[in-house]
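Protein chains: 2
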Amino acid sequence: MPLDQVDTPALIVDLDAFEANLETMAAFGKKHGVNLRPHAKTHKCAVVGQKQVAKGAIGLCTQKVSEAEAMVQGGIADVYVSNEVMGPRKLERLAALAREAKLSLCVDHPDQIAQASAAAVKFKSELGCRVEINTGGNRCGVEPGEPAVDLAKRIAKAPGLRFEGLQAYFGRAQHIEDWAERKTQSLEGIDKAKRTQEALAKVGLACTYIGGAGTGTYEWEGSTGVYNELQVGSYLFMDVGYHKVLDAKGKPMSEFRQSLFVYSTVMSRPASNRAVLDAGVKACSVDAGPPRLWGEDDVDYVRGGDEHCSLVYKNPNRVPALGDKVKLVPGHCDPTVNMYDWYVGVRGGRVESLWPIVARGALL
Amino acid sequence: MPLDQVDTPALIVDLDAFEANLETMAAFGKKHGVNLRPHAKTHKCAVVGQKQVAKGAIGLCTQKVSEAEAMVQGGIADVYVSNEVMGPRKLERLAALAREAKLSLCVDHPDQIAQASAAAVKFKSELGCRVEINTGGNRCGVEPGEPAVDLAKRIAKAPGLRFEGLQAYFGRAQHIEDWAERKTQSLEGIDKAKRTQEALAKVGLACTYIGGAGTGTYEWEGSTGVYNELQVGSYLFMDVGYHKVLDAKGKPMSEFRQSLFVYSTVMSRPASNRAVLDAGVKACSVDAGPPRLWGEDDVDYVRGGDEHCSLVYKNPNRVPALGDKVKLVPGHCDPTVNMYDWYVGVRGGRVESLWPIVARGALL
Numbered sequence: 001m002p003l004d005q006v007d008t009p010a011l012i013v014d015l016d017a018f019e020a021n022l023e024t025m026a027a028f029g030k031k032h033g034v035n036l037r038p039h040a041k042t043h044k045c046a047v048v049g050q051k052q053v054a055k056g057a058i059g060l061c062t063q064k065v066s067e068a069e070a071m072v073q074g075g076i077a078d079v080y081v082s083n084e085v086m087g088p089r090k091l092e093r094l095a096a097l098a099r100e101a102k103l104s105l106c107v108d109h110p111d112q113i114a115q116a117s118a119a120a121v122k123f124k125s126e127l128g129c130r131v132e133i134n135t136g137g138n139r140c141g142v143e144p145g146e147p148a149v150d151l152a153k154r155i156a157k158a159p160g161l162r163f164e165g166l167q168a169y170f171g172r173a174q175h176i177e178d179w180a181e182r183k184t185q186s187l188e189g190i191d192k193a194k195r196t197q198e199a200l201a202k203v204g205l206a207c208t209y210i211g212g213a214g215t216g217t218y219e220w221e222g223s224t225g226v227y228n229e230l231q232v233g234s235y236l237f238m239d240v241g242y243h244k245v246l247d248a249k250g251k252p253m254s255e256f257r258q259s260l261f262v263y264s265t266v267m268s269r270p271a272s273n274r275a276v277l278d279a280g281v282k283a284c285s286v287d288a289g290p291p292r293l294w295g296e297d298d299v300d301y302v303r304g305g306d307e308h309c310s311l312v313y314k315n316p317n318r319v320p321a322l323g324d325k326v327k328l329v330p331g332h333c334d335p336t337v338n339m340y341d342w343y344v345g346v347r348g349g350r351v352e353s354l355w356p357i358v359a360r361g362a363l364l
Numbered sequence: 001m002p003l004d005q006v007d008t009p010a011l012i013v014d015l016d017a018f019e020a021n022l023e024t025m026a027a028f029g030k031k032h033g034v035n036l037r038p039h040a041k042t043h044k045c046a047v048v049g050q051k052q053v054a055k056g057a058i059g060l061c062t063q064k065v066s067e068a069e070a071m072v073q074g075g076i077a078d079v080y081v082s083n084e085v086m087g088p089r090k091l092e093r094l095a096a097l098a099r100e101a102k103l104s105l106c107v108d109h110p111d112q113i114a115q116a117s118a119a120a121v122k123f124k125s126e127l128g129c130r131v132e133i134n135t136g137g138n139r140c141g142v143e144p145g146e147p148a149v150d151l152a153k154r155i156a157k158a159p160g161l162r163f164e165g166l167q168a169y170f171g172r173a174q175h176i177e178d179w180a181e182r183k184t185q186s187l188e189g190i191d192k193a194k195r196t197q198e199a200l201a202k203v204g205l206a207c208t209y210i211g212g213a214g215t216g217t218y219e220w221e222g223s224t225g226v227y228n229e230l231q232v233g234s235y236l237f238m239d240v241g242y243h244k245v246l247d248a249k250g251k252p253m254s255e256f257r258q259s260l261f262v263y264s265t266v267m268s269r270p271a272s273n274r275a276v277l278d279a280g281v282k283a284c285s286v287d288a289g290p291p292r293l294w295g296e297d298d299v300d301y302v303r304g305g306d307e308h309c310s311l312v313y314k315n316p317n318r319v320p321a322l323g324d325k326v327k328l329v330p331g332h333c334d335p336t337v338n339m340y341d342w343y344v345g346v347r348g349g350r351v352e353s354l355w356p357i358v359a360r361g362a363l364l
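Those protein sequences? They're chains A and B, same order as listed.
Going by our numbering, the letters in the first sequence line up with residues 1 to 364, in that order.
Going by our numbering, the letters in the second sequence line up with residues 1 to 364, in that order.
Some hints could be false.
Said to hold, decoys possible - Each pair of labels, with its calculated beta carbon distance range:
id : chain 1 : residue 1 : chain 2 : residue 2 : range
1  : B       : His243    : A       : Glu146    : 30 to 36 Å
2  : B       : Ser272    : A       : Gly225    : 32 to 38 Å
3  : B       : Glu181    : A       : Gln73     : 49 to 55 Å
4  : B       : Trp294    : A       : Asp191    : 36 to 42 Å
Hints were generated in silico from the structure; no laboratory data involved.
Note that the Cβ used here is the ideal one computed from N, Cα and C, for glycine as well.
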């Protein structure tokens with residue numbers, strides 16, 4: 001089927017760009033001797049996860065237990081929930097899942113350790129357990145050093161748990177646009193992980209994994225010899241937010257290509273300089289800023305509510321016709337993906353694949 | 001099941017508040033002799049739609065053909081797609097559906113009329129057709145008066161279509177916070193509908209329906225004698241955005257109660273004044289501003305990405321404990337609903353119903 005026959009709004013993936021991104025990150029990992037455990041929170045798709053594993057990834061991350069279930073059901077053998085998991089309901093699901101695959105999770109409080117241990121014992125399984133440290137983002141995580149060592153000791157003693165290492169992701173640093181400032185903050189976060197690793201070594205606790213990193217900072221976590229696991233997600237797809245993140249030369253980072261688009265139809269042409277599209281905030285997330293039109297710079301995006309947006313052109317001769325289809329670059333890839341049930345894979349202007357987004361809406 | 005046993009994040013509906021809202025709007029319609037055709041774009045749930053029809057609504061609106069399919073399949077006999085529909089794929093789905101229920105749609109261009117007519121003829125069905133006018137929002141719609149009359153004449157002549165009237169919704173006016181300014185703009189929009197109705201009458205085209213209105217402006221469209229159909233949606237649930245909309249006394253509008261909540265768990269307590277919840281932008285939409293904590297004023301909401309948010313308390317004694325569950329009022333109800341598969345209906349602290357959100361993600 002030719003792309004222009006696809007009804008809209010649709011979430012399309014440029015397969016050439018997608019495969020190039022997959023390859024670029026895999027090559028980076030091999031070059032620097034660092035494992036990839038890409039984040040399935042971005043793609044929520046077992047088909048995509050399988051492709052990452054086929055390129056050498058040691059497994060996947062998820063943020064939710066229900067995402068982990070979807071990935072294990074989709075054939076992924078090693079899944080790490082890189083997030084705190086509270087309450088026996090979720091922990092028992094995770095402990096049950098750990099009978100079928102290698103499962104681990106992250107903690108920042110003794111109560112979480114006690115609950116996870118109880119669930120693993122109840123289900124006669126084993127859960128890997130990592131301590132999250134606050135690298136500077138002030139979200140979850142204990143402070144580096146002694147507080148982390150204290151939790152690690154508790155994990156090491158807890159029945160049903162194996163101590164795996166540290167979670168040290170610096171979310172807030174990913175979108176610092178200036179390269180030097182992003183580097184400075186990333187290195188500060190990396191140093192916190194290093195000091196904590198050393199404190200753990202002093203009490204005989206080795207870190208199998210020191211993991212973190214995102215698409216904005218992976219070059220430092222991946223090359224300074226402290227981290228051995230990169231949990232990158234957005235590199236596969238890219239979005240307007242990451243196109244604002246600059247490299248050392250002050251240019252937008254260019255190693256990854258835009259592969260994800262919202263395909264949309266001009267549903268109204270109410271003025272000579274304006275086209276209304278059938279994609280609003282239910283089709284293209286605006287949580288981190290607006291989407292932009294692909295392949296055309298001289299056009300302004302105007303919010304139009306849940307089911308519409310407008311494109312306002314400086315040159316009225318460029319305005320697409322009623323019924324024309326256009327590609328939008330999502331402002332933020334992850335929440336956009338979470339609103340769709342399928343990726344439409346496209347190559348050379350033709351549909352080549354449909355991949356189900358099996359963990360769409362997986363919140364638990 | 002007690003509410004506190006519900007795993008999180010979950011979308012919960014306070015059934016007492018929900019039923020009061022349903023009743024309040026139904027009573028307004030009866031008092032003013034104006035029909036209700038509530039908007040299913042808000043709730044996307046046939047169970048809720050059935051309740052609206054049981055209270056006297058003449059049918060439902062949707063914004064998408066796929067939403068209309070979900071509502072007809074759920075037993076709604078009269079559905080109006082209050083939006084332009086482009087392309088034979090969608091129009092043929094709508095024409096096929098029109099064999100099973102009364103269906104109508106809205107247009108603002110002759111090409112849409114030709115396409116809708118062709119689809120209705122092909123499927124031997126009939127589609128109601130209304131002309132959308134631009135009431136001031138500058139989104140879709142032709143200008144009031146002659147341009148609308150021109151389209152209405154085309155509809156009246158087109159095989160398979162029946163001319164139904166006008167679509168005159170003023171989206172941008174809904175959230176004007178000041179009452180007097182909101183009233184002024186609403187009345188200007190209403191006047192445009194009235195003038196267009198009069199121009200249509202002069203050429204012998206009667207409007208069966210003149211519809212529009214939202215929760216912010218329904219009091220004027222519902223009481224000035226021009227509109228005969230209110231397409232309100234958010235009144236059922238309410239959200240932070242509508243709590244900022246003021247009444248004539250400068251107080252937040254109070255006729256509708258907050259009935260929709262995102263139920264969330266404290267998953268981390270990393271600092272004495274701060275709790276991290278398991279609900280980020282994938283659980284509670286931020287497109288129209290942040291959510292807020294229900295029942296507590298002295299607390300700041302801090303964005304935490306896709307799967308987290310933080311509550312920062314001025315009084316550390318008020319911070320909930322790790323594992324506690326809290327209720328968030330969504331910033332914007334519609335896109336929040338669109339991320340969930342179920343409503344959990346709650347009364348007196350106990351779960352009473354589970355309603356499937358059958359049109360969740362219905363984008364086509």
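Verification of the hints:
1. His243(B) - Glu146(A): 30 to 36 Å: Violated, at about 45 Å.
2. Ser272(B) - Gly225(A): 32 to 38 Å: 35 Å, holds
3. Glu181(B) - Gln73(A): 49 to 55 Å: 53 Å, holds
4. Trp294(B) - Asp191(A): 36 to 42 Å: Given about 40 Å between the Cβ atoms, the range holds.
Hint 1 alone, counting from the list given before, is not met by this structure.
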